[in-house]
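**Q** Listed here are the chains, written in short residue letters.
2 protein chains.
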Amino acid sequence: MKNKKTNIVTTDILIIGAGPAGMVAAMTAMQHNPNKQITVIRSYEKSQVPCGIPYVFGTTLGSVEKNAMACGGNPAADKIEKIIDTVTGVDIEKKMVTALNHSINFDKLIFATGSIPFVHKNFQDTINLDNVFTIRKEYHEVEKLKNYLENRQKIIVIGAGFIGVEMATELISKGKEVILVSGGHVLADSFDEDMALKAEEIVKNLGVKLALGQHANHITHKDEMATGVELCDGTTLDADVIILATGYEPNTRLAAEAGLKLARYKGIWVDEYMRTRNKDIFAVGDCCGRRDFITRDPSKVMLASTSASEARIAGGSLYKLEHLKGFDGTIAIFSTMIGDRVFASAGVTEQRATDENIDYVSGFFESMNRHPGTIPDASKQSVKLIAMRSSGQIIGGQVIGDKEAGEIINILGLAIESKLTVHSLISLQVATQPLLTSAPTTYPIVMAAQAVLANSQR
Amino acid sequence: MKNKKTNIVTTDILIIGAGPAGMVAAMTAMQHNPNKQITVIRSYEKSQVPCGIPYVFGTTLGSVEKNAMACGGNPAADKIEKIIDTVTGVDIEKKMVTALNHSINFDKLIFATGSIPFVHKNFQDTINLDNVFTIRKEYHEVEKLKNYLENRQKIIVIGAGFIGVEMATELISKGKEVILVSGGHVLADSFDEDMALKAEEIVKNLGVKLALGQHANHITHKDEMATGVELCDGTTLDADVIILATGYEPNTRLAAEAGLKLARYKGIWVDEYMRTRNKDIFAVGDCCGRRDFITRDPSKVMLASTSASEARIAGGSLYKLEHLKGFDGTIAIFSTMIGDRVFASAGVTEQRATDENIDYVSGFFESMNRHPGTIPDASKQSVKLIAMRSSGQIIGGQVIGDKEAGEIINILGLAIESKLTVHSLISLQVATQPLLTSAPTTYPIVMAAQAVLANSQR
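The listed protein sequences correspond, in order, to chains H and S. Going letter by letter, the first sequence gives residues 0 to 457 in numbering that gives the first Met the number 0. Going letter by letter, the second sequence gives residues 0 to 457 in numbering that gives the first Met the number 0.
Worth double-checking, as some hints may not be accurate.
Same chains, same label: a pair holds when it works inside one copy or across any pair of copies.
Below, a list of computed lysine-lysine pairs in the DSS-like style, where the Cα atoms sit at most 25 angstroms apart [unchecked claim]:
#1 278 - 120
#2 418 - 324
#3 197 - 145
#4 319 - 94
Hints listed in this document are in silico derivations from the structure and should not be mistaken for laboratory results. Quick caveat, the model's predicted, so the values are computed rather than measured.
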């Protein structure tokens, strides 16, 4: 690092990281504090839309460029100072952040350092092999993996969460041979077996080979090249490339070195207003410690939308608190598309409810997403609701349907977050329209709520 | 009426009418009272999906048959006794309903007699002309209008509410020449001018001629055939057929004759549990008197989904009340598709809020419905929110977008019904996914809520 020149900067609000959480925190902070100087520091100029990454590898986007994150769009964003540099240390007492070429004094600091791939101990000794990859989120890393896959045919994806399933089906769309390996069902954290089996059916029909129900024991290799995966029953699978889609962990080395308290799973400990124990230091997004809205357990759920929600609360709470409801835990609200079907989930599954000793009742209803069912693009739509038996409060929902299912889950999310009961949902007033929704008489959320009531009277 | 034979029937629960309200009331009553005999009486064997009627006249469904209402689907429906007959009188004291060929004793009675076209006084003397039609909901009446239109080319649709606009655009799809006449903007009860203008643009581009801003003074005619319409400025428009899409009114002649109290606009007066003043007599759907959830005014809103909601409350409240929240007024939640764009609305418009002396603030946000915007089927999505200035409670929302906007409006509906505030919406946790929704950083409901907050600080 020759000729190093340190630029000394002073700002009111400093945000480390410019992913969705960092940018939303910056924008919200500006809205609430128009006269404060806001600065964002990030390592690289270009970045990727995190949830869009799987689509770079298939035919949907097909290019890294098309998945570039637009920082602009909002003219207000121009007023935010941006520094491209890598932070090396945070001095909380001196209120100063040190980067390779900068030294930045702040009044309020927000950590938005995101997450990095989690590597299970089974793979830690093989993770550096030339043809073993995690799915990293940096622009150049996505580019590197895409280039590497260009001429490779046989790919094993380990991990059947949302990213694993999306990667597998996108790679299939490019004519690759893909094996998806997981210890359980696909999307097992978000869907009960009855719904997951439907997802597996589609994944299989798309051409992905499923190796489910068995953990990957280790990656086999010859010199610096992985040759495949050995499952726990001893079976071996061959591959040209191995991709680990085994989750992420909070990127909190900086925060820990700065002396901030970490929560379980390594996230930065924050209160409901996203404040660390130091009232001038906040953390938002994947780098912060999360709890589950329903079970109150520490949570590993990482979602850009949750991050954005946290960032809005932090951005609006830097100098004064304005609203009693802070961030009260993640409702774990997900959606994805598998083939031409949407799978969406919020709250707890039945399995999770059982594990947590929740006395629950579930209800299921399937109808058509148009009415009458003769409308040309009509298809099936199903909703499963999970509610506390006695109070009737909605604690979980799963939806399968066409694209609008991606918004139906947000109705359920709002019901969960608002602690509504099945009684409220039964008399829910909804807009129904032949070309757009199920019939008013069979709107699936209402019917599933009714099924919950019927089942709880049994 | 020779050889008339009166069948004497005794039932526990009798429902007059088998539209969406009647059938949902019957099904819900059965779920809550599995041991009671439930009977539905209706005039005709076959019926139409009410909201699907406009699509019979264009290319979307293109046939009356395809819009037949499926009464089955639910095996439980088979346990409901069905009588095809026309009710002629209701004796509340004797708890007896008289029909042409039946005499039915009941314990509980539910009126679900629906609505009939409203005919403005300007047209009352011309409504019986051979080529002047209202849009009736009976199967054979829809068939009759469809047959009549087969060989007619020039059509005037009077009234630019949802049915008028849907009729006009469907008729255009069949190559007809259509003029849409209205005293104001299209969909003026549900959208403010800024949104309505966008709808008009599309309607025009589809080929419908718009004659807006002027009431139709009267229908011109020669002998028994209408020749056109004279507008209030004296302009005359020629037509082969004139269709009145000028709303509906409660069908309550029977109820009035039975001595039940009617509310303003002729609906049967009911309380929040859909009970008339007689605790054994209920009314649901378009035949009952409605209030507006927000303004508390009597409301003319008629929606099958609202009817279904009322019917579920009535069906569950016949013998005992189970949940404090009854039907607390219509939130006027609508959606439709114009061309390839969805227009959806819930609650009050800005105009209505002004008329009602509501101190409101609105917020608007437009983004893309996919992220990144390079996803192949991405299109614009915009949300307008209207909230009480001081409390921040959401009282209205308008959405324009692709098909999923039909469910986004239901998120807003739930927010309105639950009396949520913009503060809750700002930290709303939503599922966002590249192929299905806008970006987590720009989810339009959240951004519109933020705009409301920003605008209220001005």
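**Q** Using 25 angstroms as the alpha-carbon threshold, which applies to residue 197 and residue 145: within, between, both, or neither?
**A** neither (29 angstroms within a copy, 42 angstroms between copies)
**Q** Within a copy, between copies, both or neither: where do residue 418 and residue 324 come within 25 angstroms Cα-Cα?
**A** Answer is both: 13 angstroms inside a copy and 15 angstroms across each meet the 25 angstroms cutoff.
**Q** Have a look at residue 319 and residue 94 and pick one of within, between, both or neither, based on CA distance no larger than 25 angstroms.
**A** Within one copy, since 19 angstroms is at most 25 angstroms while 64 angstroms is not.
**Q** Under a CA distance limit of 25 angstroms, which applies to residue 278 and residue 120: within one copy, between copies, both, or neither?
**A** neither (36 angstroms within a copy, 69 angstroms between copies)
Of the hints listed earlier, those the structure fails to meet are numbers 1, 3, in rising order.
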